[in-house]
Amino acid sequence: MEQAIIDPAQVKGWGIDADPKNDPTYPMRTRTGEEHVGYRWERPPLQPRTVEVLHSNERPNVSAVFGTSTPPSGLSGMLRRAAFQYSESSFGHWLPLMLADRISVMEGFLGDVGRGHFPNIFVERGGKAEWKYNRTAVMVPALLGAALASAALIYLYQRRPTEERSRARRLPARPDAA
Amino acid sequence: MLAMNFRGPQRVRIDEKPVPEILHPQDAIVRVTRSCICGSDLHLYNGSVPDTRVGMTFGHEVTGVVEQVGPEVENLKVGDHVLVPFNIACGKCVFCRQELYGNCHESNPEATAVGGIYGYSHTAGGYDGGQAEYVRVPYADVGPVVIPEGMDPDDAVMLTDVVPTGYQAAEMGGIQPGDTVVVFGAGPVGIMAARCAWLFGAGRVIVIDQIDYRLDFVRRYAPCEAYDFRSIGDPVLFLKKTTDWLGADVCIDAVGAEANGSPAQNLLGRGMKLVAGATPALHWAINSVKKGGIVSIVGVYGPTQSLVPIGNVVNKGITIRANQASVKRLLPRLIEHVQNGILDPKALITHRIPLEYVSDAYRMFSAKLDDCIKPVLLPPAARA
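Keeping their order, the protein sequence lines are chains R and L.
Residues in the first sequence are numbered from 34 upward in steps of one, following my numbering.
Residues in the second sequence are numbered from 7 upward in steps of one, following my numbering.
If you are wondering where the hints come from, they were derived from the structure by calculation, not from laboratory data.
Worth double-checking, as some hints may not be accurate.
[Said to hold, decoys possible] With a straight-line cut-off of 25 Å between C-alpha atoms, the simulated BS3-like cross-links for lysine-lysine are:
#	chain 1	residue 1	chain 2	residue 2
1	L	334	R	54
2	L	297	R	54
3	L	374	R	161
4	L	352	R	45
5	L	374	R	165
Note that the coordinates shown come from a computational prediction; the quantities given were computed from them, not determined experimentally.
Please put together the full structure from these sequences, using the hints given.
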């Protein structure tokens with residue numbers, strides 16, 4: 034069902050930024066006369082490289098500043114280095130990076146355990162908030178998991194004596210049994 | 007210091023990390039007073055942005071107090087309370103000089119398509135972000151702005167991204183007086199885009215989403231018509247009918263890669279990640295805009311390919327405009343709007359959460375628990 038159309042005249046600030054010249058509009062360049070100059074501006078001072086920084090092969094250098102968070106390391110780091118051999122236009126760039134991201138989750142987990150910290154995944158996934166505001170979302174998978182685990186245990190418990198019985202049936206009679 | 011620590015898709019926690027240091031003569035170190043979780047952080051949280059490394063700290067919507075400045079910083083001093091635009095911009099490269107501050111060429115070595123962004127993966131420069139007690143702010147003379155006296159810090163933190171992005175979404179629409187504007191997405195940016203569409207003289211504003219509480223909110227806040235796409239059948243057909251069969255003059259995609267509405271795209275883009283997210287919002291925007299109309303995109307997509315009906319863009323003669331918001335360019339006007347009571351950004355903040363509970367905050371925002379629209383993280387010192 035369609036709702037009532039709002040009367041623009043009643044809206045605070047209506048038309049305050051209206052400008053017939055706003056078409057064409059942003060993101061347009063403010064013309065500075067440097068449009069055709071290329072990569073030749075006076076660069077800011079360069080941040081010293083204290084960690085390994087990968088750079089896109091679509092530029093000749095590292096930007097003047099850069100982040101130093103989580104430099105590449107381990108197997109994921111090897112993949113990231115390989116990815117940067119390809120341009121941003123190539124799957125050869127992005128797919129290894131996505132794979133490296135997944136591998137780095139495992140590396141992070143192992144790193145945590147190696148430092149004696151077993152991650153509390155329930156808490157990291159915001160389970161407390163989910164429990165408080167959407168208990169069903171916690172309960173359903175938990176109950177489903179419990180049900181599946183119980184079913185598996187019951188199956189294994191019932192299967193074991195059957196196998197043993199079968200094995201017993203297959204055993205040859207002892208010579209002295211007669 | 008305490009800092010958010012990404013551990014993998016949908017896993018974050020609070021950890022101790024070293025306090026950042028001055029690494030460049032134009033750096034500042036800022037003690038964080040407010041740090042929002044942005045809708046685009048959810049793309050990182052869900053593992054959709056390539057080169058999001060385990061151990062990184064997210065957070066690109068930050069206010070804070072300057073604790074330390076590098077030797078070449080002239081405009082800021084220790085003790086200044088600043089709002090920090092999410093773009094890291096040098097102010098010197100040709101793109102910054104053209105006011106394309108979201109496209110700075112001297113702040114992101116890892117990708118040329120986008121400039122540096124705080125805490126937004128190595129695809130945006132590899133900077134640790136502001137969901138922490140302290141953050142390193144490069145080019146401190148260019149981006150940060152001292153919060154005007156009397157401005158509520160909650161308003162200030164919304165000026166770092168949400169307000170400029172929503173405003174630029176409307177601005178890029180080239181809205182002319184009387185235009186019908188459709189905004190896809192009633193998250194914080196979509197809400198702000200709908201509000202700002204009126205400032206440019208829209209004659210009618212319609213928002214499409216599927217979350218009832220957000221639709222109620224935007225209906226009151228913008229104000230506007232707001233529809234649940236699940237209750238209107240085919241959204242494109244609905245919009246054609248309600249615009250006298252020609253379509254909207256301007257459509258705004260304020261959703262990005264996490265859009266719902268297409269099971270096939272959900273499977274390909276969000277489940278299997280074979281394409282850069284799910285694009286039904288952009289698909290609807292292209293198909294429901296008028297011939298010769300404008301589609302403005304501020305929703306965030308991954309850098310690989312996305313499924314969009316590009317043939318219809320050609321056939322309908324649509325203009326597509328898109329970019330990361332150029333926050334520095336827009337701030338003077340937007341500060342005026344906040345000070346004059348035209349815009350009330352802090353009204354979007356529904357949850358103020360201690361930084362220590364960052365895992366719960368992400369969950370609440372991501373799963374839309376407790377009618378969450380915009381969560382703000384408060385470090386311990388900001389709560390004292």
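Right, here's what the structure says about each hint:
1. L:334 x R:54: 21 Å, holds
2. L:297 x R:54: It holds: about 20 Å lies between the C-alpha atoms, which stays within 25 Å.
3. L:374 x R:161: 14 Å, holds
4. L:352 x R:45: Answer holds: residue 352 of chain L to residue 45 of chain R is near 17 Å, not above 25 Å.
5. L:374 x R:165: Roughly 13 Å between the alpha carbons, so the hint for residue 374 of chain L and residue 165 of chain R holds.
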